[in-house]
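Reconstruct the complex from the two isolated chains, following the hints.
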Amino acid sequence: MTTTPRWRALTQHHLFWPVAVLVFLLLINVPFTPDFFSIKMTDGHLYGSLVSIVLFGSPLILVAVGMTLVIATGGIDLSVGAVVAITGALTCSYISDQADQSALSAVLLAMGIGLVAAVVCGLWNGFLVARMGIQPIIATLIIMVAGRGVAQLITDGQIITINSEPYKLIGGGYWLTLPFSIFVVAAVVAVTVALTRRTALGLLVESVGGNAEASRLVGIRSRRIKIMVYVFCALCAGIAGLMISSNTSAADGNNAGLWIELDAILAVVIGGTSLLGGRFSIGGTVVGALVIQTLTTTIYTIGVPTQTNLVFKAAVVIVVCLLQSPKFRAKVFGAKFGSGSGAKGGGKPSATPADTAPTTAAAPKMEVS
Amino acid sequence: MSTATKTPTVPDSRTTSKGARLLGDRRLPVLVTATLFLAMYIAGLSRYTNYGFGEPQVFLNLFIDNGYLLVAAVGATFVILSGGIDLSVGSVIGFTTMLTAWLVEKQGLPILVVIPIALGVGAFGGFLMGYVIHNFEIQPFIVTLAGLFLFRGLCLVISKESISIGDASVSSMAQAQASLGVGFLSVGAIVSLVVLAVAFYVLHYTRFGRRVYAIGGNEQSAMLMGLPQGGTKIAVYTVSGFCSALAGLLFTLYIQSGDPLHATGMELDAIAAVVIGGTLLTGGSGYILGTLFGVLVLGLIKSIIQFEGTLSSWWTKIATGVLLCAFILIQRAMTTRKKT
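Heads up: the sequence lines are chains A and B, in that order. Anchor point for the first sequence: position 21 equals 1081 in the working numbering, and the numbering is continuous, going up by one each time. Anchor point for the second sequence: position 38 equals 39 in the working numbering, and the numbering is continuous, going up by one each time.
So that you can see chain B by itself, here it is in the shape it has in the complex (with noise of 0.2 Å):
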C-alpha cells in the first residue's frame, strides 16, 4: 500500500514540497482518498474481526468484485482528464455482455475470437462519439448521452432476455486463479490491474497522456501551442470505449451471462469513483492512481455493508453521494485556495 501511495511523486518532480505547499499540491485529493480507504479498512478490521475481515482475501476481493469498475473507471479518468465525460459507459459495458454472450452461445463463436470483435466494438463506438464531438461541436453530454441510447437500445435488439453463458472456456476461464501465497486474484483483476499499470504509463510518460492533460487545463492553449487537439480528443472517447468494452468482457467473465440490463448506471459508479479520486471534473488535474484509490473506497463500502448484514443495499448508493459530496467541497477549498 505505502509503495502505492508513494508512486504519484514520480511527475513533476520540480516541486519538492515543504508543508505549507502540500496543501495547494495537487497530490493532496489522492492522499486524502489514500488516508481514507486506510481509515475505512482499519475501522473495518476492528469492528469485523472476528468475522474474517482480516483475511487478505477479504482485501483482494476488493479487485475481484471490482476488476471491471476499475477498467470503466480508468477509461472515464482518461475523458475526465480531457476534460469531457462519457455517459456512455454502463451502456457499452452492457451491450458488450449481450454481443459476447449472444456470439459464445448463439453463434456458437469461439471466445477467442469473441474478444476481439467485443473490444473493437466498443473502441469504434467510443471513436465515433469522439469524432461527432470534436468534427461538429456538439457537446460530449449530450453525444455520449444518445450513445448511452444508442448501446443499451442495441441490447434490447440482440435480445429481451438475459443469454447465461454455459461455455466451457468462458467458464474455465472465468474460474483460473492465480495464487498470491496468502491469496488469489481472478483473471479479472490481473488484467484490470495491468490496464491500470498501462494508463498510467500512458497517462505520465507518453506524449498522448501530456496532450490529455494539456487539453484538459485549457483547450484554446493546448491548440495554440500547435496540439493536434482534435486527434487526442478523438482518441480519448476511443480509449474509454475500449476501456469500456473490456470492462464488459470482465463483467461477462464475472457473471458469465449477458443481460441487456447489466451495469445500468455503472456511468455514475465510474465518474463517482474518478471523483473520490481526486480528479477534477474540469479536466486537467488528477491521477491515476487516485481513480483507484476511489474505486477502492467504493468496493470497501460495499464489503463493509455486507458484512454489517443488517444494513440495506441502499444505503450504499447514500454513502457514496455522502462521499462523492465531501471530496466536491474539498475540491473546491483546494482550487480556491489555489486562486489567491
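One chain only, chain A, in its complex shape (with noise of 0.2 Å):
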C-alpha cells in the first residue's frame, strides 16, 4: 500500500472511478473480441465497436446531460422519456402527414414544432417546481404519467412510419465519415460545458443546487435559473427523441425512449453528480452514459445471454455507487480513505485534472467531450 501523492491525486479525482469502470470495461472486451478497439473504414463510413458505442448511446448522453443540470439544482426530471415519446410522436406524424416527406423545409418545420413541444414539458415542469414549490420528483412524475398517453393520443396509438431522407441524417445519417448523432452530442456538450463552465451560468446552477433560499437572498434569481434547466432538459430530451425516432424512421408513443429517465438518472450518478444537487460534472456525465453502452455493447459482443442485460446493469449501479458513497468507503477501505474521500469537495482536486486527465483518460471516450 503504497500511496504516492500522484496515486493518491489519481484516485481522489472525481473522474477517476467512472473512468475506471469504463476502461475496465472496455479491457473486458479484448480478451473476446481482439479487434475491440480496431476502426475500419467501409464505404467511406468509419465503423468499430468504438463507433458504434457512441452512436447508440448518443440519445442517453443528450439526456443524460440535460439531467446533469437539472440534478445540479437539486432536482430530478422523469418526465424526459416521455418527452422523448412526445416529440418523436409530433415530428413523425407531421412529416407523414406530408406529400413530399423529403422536403426540407417540411422537415425542418417538424422538428421546430417537436421541440417546441419539447420546451412546452420543460415550461411546465419548471413551472411547477420553481414557482409552485412542488417537489421536483412529483412534478415532473405527472408528465412522466400523462406524456405517454398524450405521445400515444398524437400517434392514435399506431407506430408511424416515415420515409423521409433528410430526417433519417439525424439519428442514422453520417457526415465526414463518422455518424452525424455524433456531431449533434459533440455540439450539445460543448455548447453545455461553455455555457456553464465559461460563463457564470454553472456557478448559478451550483449555488442555487446548494441552497435554493440562500442563493436567492444573495440576489441570484433562482427561480429563473431553475425554470431554465428544465428547459435546456426537456430541449435535450426532444433532441433525443428527434435522434432516436429518425434512427429507426418511425415512432412510437409506447415504446420510444422507455426508461430512459432512469439510465440518464444512473448516468448522472455513476458520473460522481450527488443527487443532493449543488455539484454537477458534465465530463462525468459522458463517461457514465458510455459506462451505460459500453456496458450493453459488452454483453452483446461477450455472447452472454442478452436477458441478463438488467442483472448486470443492476449490479455496476451497486458496484459505482458504493464505490462513491464515503461511508462504504470508510468501512471497506478504513478510515484513511474516508477522510480523503470528504475532502473530495473542497478546492484541492481542482488543480489535478490537467495531469489526471491524460493518463487515466486514455480511453477514446474524451473525444466527445
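Please keep in mind that the hints were generated in silico from the structure rather than gathered at the bench. Some hints here could point you the wrong way.
Pairwise CB distance ranges, derived in the manner of DEER restraints [unchecked claim]:
1) B:138 x A:1260: 30 to 36 Å
2) A:1223 x B:114: 31 to 37 Å
3) B:114 x A:1106: 54 to 60 Å
4) B:163 x A:1363: 21 to 27 Å
5) B:331 x A:1217: 29 to 35 Å
6) A:1191 x B:309: 31 to 37 Å
7) A:1263 x B:331: 32 to 38 Å
8) A:1254 x B:226: 45 to 51 Å
9) B:224 x A:1092: 47 to 53 Å
10) A:1093 x B:331: 54 to 60 Å
Bear in mind that the values here come from a model prediction, so they are computed numbers and not experimental data. Where a beta carbon is used, it is the ideal one built from N, C-alpha and C, also for glycine.
Here it is, written out as C-alpha cells:
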C-alpha cells in the first residue's frame, strides 16, 4: 500500500472511478473480440465497436447532460422519456402528413414543432417546481405518466413510419465519415460546457442546488435558473427524441425512450454528480452514459445471454454507488480513505485534472466531451 | 362507504376540529379523494345505469381487479410515509409472477410451498435495499432503481417466454369466490382488504407505525429522540418488498401466468395511488385509507373508460396524470397554509 501523492491525487479525482469502470469494461472486451479497438473504413464510413458505442449511446448522453443540470439544482426530471416519445410522435406525424416527405423545409418545420413541444413540457415542469414549489420528483411524475398517453394520442396508438431522407440524417446518417448524431452530441456537450464553465451560469446552477433560498437572498434569480434547467433538460430530451425516431424512421408512443430517464439518472450518478445537488460534472455524465452503453455492447459481444443485461446493469449501479459512498469506503478501506473522500468536495482536486486527464483518459471517450 | 370515511378521525383525537381548522387538517386530502370517488361513482351511475353500472358487482369488481395494486400501494405508503421511495415495486411483482409460475410449472412444487418462498424472496429483496440505503447512505431512489433493474433482469433470467400456469390447485384458488349476498369477492380481493386492515392497525396503533411517521416527519429529530431509525428504515423497505411480493402472488392468481414483462411501470401506479390518496411525498403525513381511495379512484377511471367503450386505453394515463396534478396542487395549497 504505497500511496504516492500522484496516485492519491489520481484516485481522488472525481472522474477516477467512472473512468476506471469504463476502461475496465472496455478491456473486458479484448479477450473476446481481439479487434475491439480497431476502426475500419468501409464505403467512406468509419465502423468499429467504439464508433457504435458512441452512436447508440448518443440519445442517452444528450438526455443525461440535460439531466445533470437539473440534478445540480437539487431537482430531478422523470419526464424525459415521455418528452422523447412526444417529440418523436409529433415530428413523425407531421412529416407523414406531407405529400413530399423528403422536402427539407417540411422536415425542419416538423423538427421545430417537436422541439417546441419539448420546450413546453420543460416550461410546465419548471413552472411547477420553481413557481409552485412542488417537489421535482412529483412535479415531473405528472408528465411522465400523462406524457406517454399524450404521445399515444398523437400517434393514435399506432407506430407511425416515415420515409424521409433528410430526417434520416440526424439519427442514422453519416457526415465526414462519422455518424451524424456524434456531431450533434458533441455540439450540445460543447455548448453546455462552454455555457456552464466559461460563464457564471454553472456557478449559479450549483449555488441554487446548494441552497436555493440563500442564493435567492444573495440576489440570484433562483426560480429563473430552475425553470431554465428544466427547459434545457426537456430540449435535450427533445433532440434525443428526434434522434431515436429518425434512427428507426418510426414513432412509437409506447416504447420510444422507455426507461431512458432511469438510465440518464444512472449515468449522472455514475458520473459522480450527487443527487443532492450543488455540484455537477458534465464530463462525468458523458463517461457515465458511455459506461452504460459499453456495458450493453459488452454483453452483446461477449455472448452472455442478452436477457441478463439488466442484472449486470443492477450490479454496476450497486458497485459504482457503493464506491462513491463515503461511508462504504470508510468501512471497507479504512478511515484514511474515508477522510480523504471527505475532502473531495474542497478545492483541492481542481488542481489535478490537468495531469490526471491524459493518464486515465487514454480511452477514446474523451473525444466526445 | 360512510364508515370508511369516518375512521381516520380515530388517531389524533385531541384536535377536534371546527370549520376553520378543517382547511389545515391533515385529513382533508383523504376526504377530497373520497368525495371525488363518490362523485365519479355517481356520475358513472347516472351515465351508464342502463349498462349495468349500478350493479353491486361492478363496485366489488373494483377490489377484484385492483387487489394487487392495493397491496402494492399499501407497501408504497409505508415507504413514502417514511420519506423514501421504492421504484422496485413493479419489478418485484413481475419477478414474483415469474418465480411462482416457474416453481409451480417447471419444478412441480405445490403452490402452498411456493407462496412462502415467493414472499420470503420479496421481503429479503426489500431488506437488502433497506440495508444498503441505511448503512451506506445512498439515496433510496438509486438503490431501488438498481432493485428495479435487478428483479426485472432476474425475471428474464428465469425465462424470456411467459409461463402459463395450468396447475389445478392454483386455478381452483383463483376461481374461489366468497359470496356477499349481492355479489362476490375473489381470494385476491379479500387478501388485499386484510392487508389493508393490518396496515391500518400497524401504522396507527403500534410503535413501529409511530416511528415511520416520526422518521418521515423529520429524520433528524427522530434520531435525537432516540428512535431506532436504522431498524425502522430497513423494516419499511422490507414491508414494501413483502407487499410487492404478495401483490405479485395476487397478480399471478389474477392472470394465472408468469411473464417477464408483467406489471411494468406498476410502481408509478402505486405511487400515483398513494399521492392521490393524500400522502405527502416528503413523508410524515398521510393515511392508509387515503391509499385505498387512491386505488379505487384509479380503478374507477379504468372501469369508466371500459364502460364508455369509445375511449382508447391511453386516456387512462392522461386522466391519471391530470388527477395527479390536481392533487399535488391541493397538497401544495395545504402545506403553504400550514406554514403561515
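Okay, the hints, checked on the actual structure:
One distance hint, 30 to 36 Å for the beta-carbon pair residue 138 of chain B and residue 1260 of chain A, holds here, with the actual separation near 32 Å. Taken as a hint, the range 31 to 37 Å is violated for the pair residue 1223 of chain A and residue 114 of chain B, whose Cβ atoms sit roughly 56 Å apart. For residue 114 of chain B and residue 1106 of chain A, the Cβ-Cβ distance of about 57 Å falls inside the hinted range of 54 to 60 Å, so the restraint holds. At about 25 Å, the beta-carbon gap between residue 163 of chain B and residue 1363 of chain A stays in the expected band of 21 to 27 Å.
Between residue 331 of chain B and residue 1217 of chain A the Cβ separation comes to about 31 Å, which falls inside the hinted range of 29 to 35 Å. Checked against the hint of 31 to 37 Å, the pair residue 1191 of chain A and residue 309 of chain B passes, with Cβ atoms roughly 35 Å apart. The supplied range of 32 to 38 Å is met by residue 1263 of chain A and residue 331 of chain B, whose beta-carbon atoms lie about 37 Å from each other. Hint check: residue 1254 of chain A to residue 226 of chain B, Cβ distance near 50 Å, so the stated range 45 to 51 Å holds.
The hinted window of 47 to 53 Å between residue 224 of chain B and residue 1092 of chain A holds, with their beta carbons roughly 49 Å apart. For residue 1093 of chain A paired with residue 331 of chain B, a C-beta distance near 56 Å keeps the hint of 54 to 60 Å intact.
In summary, the structure is inconsistent with hint 2 from the numbered list given earlier, while agreeing with all the others.
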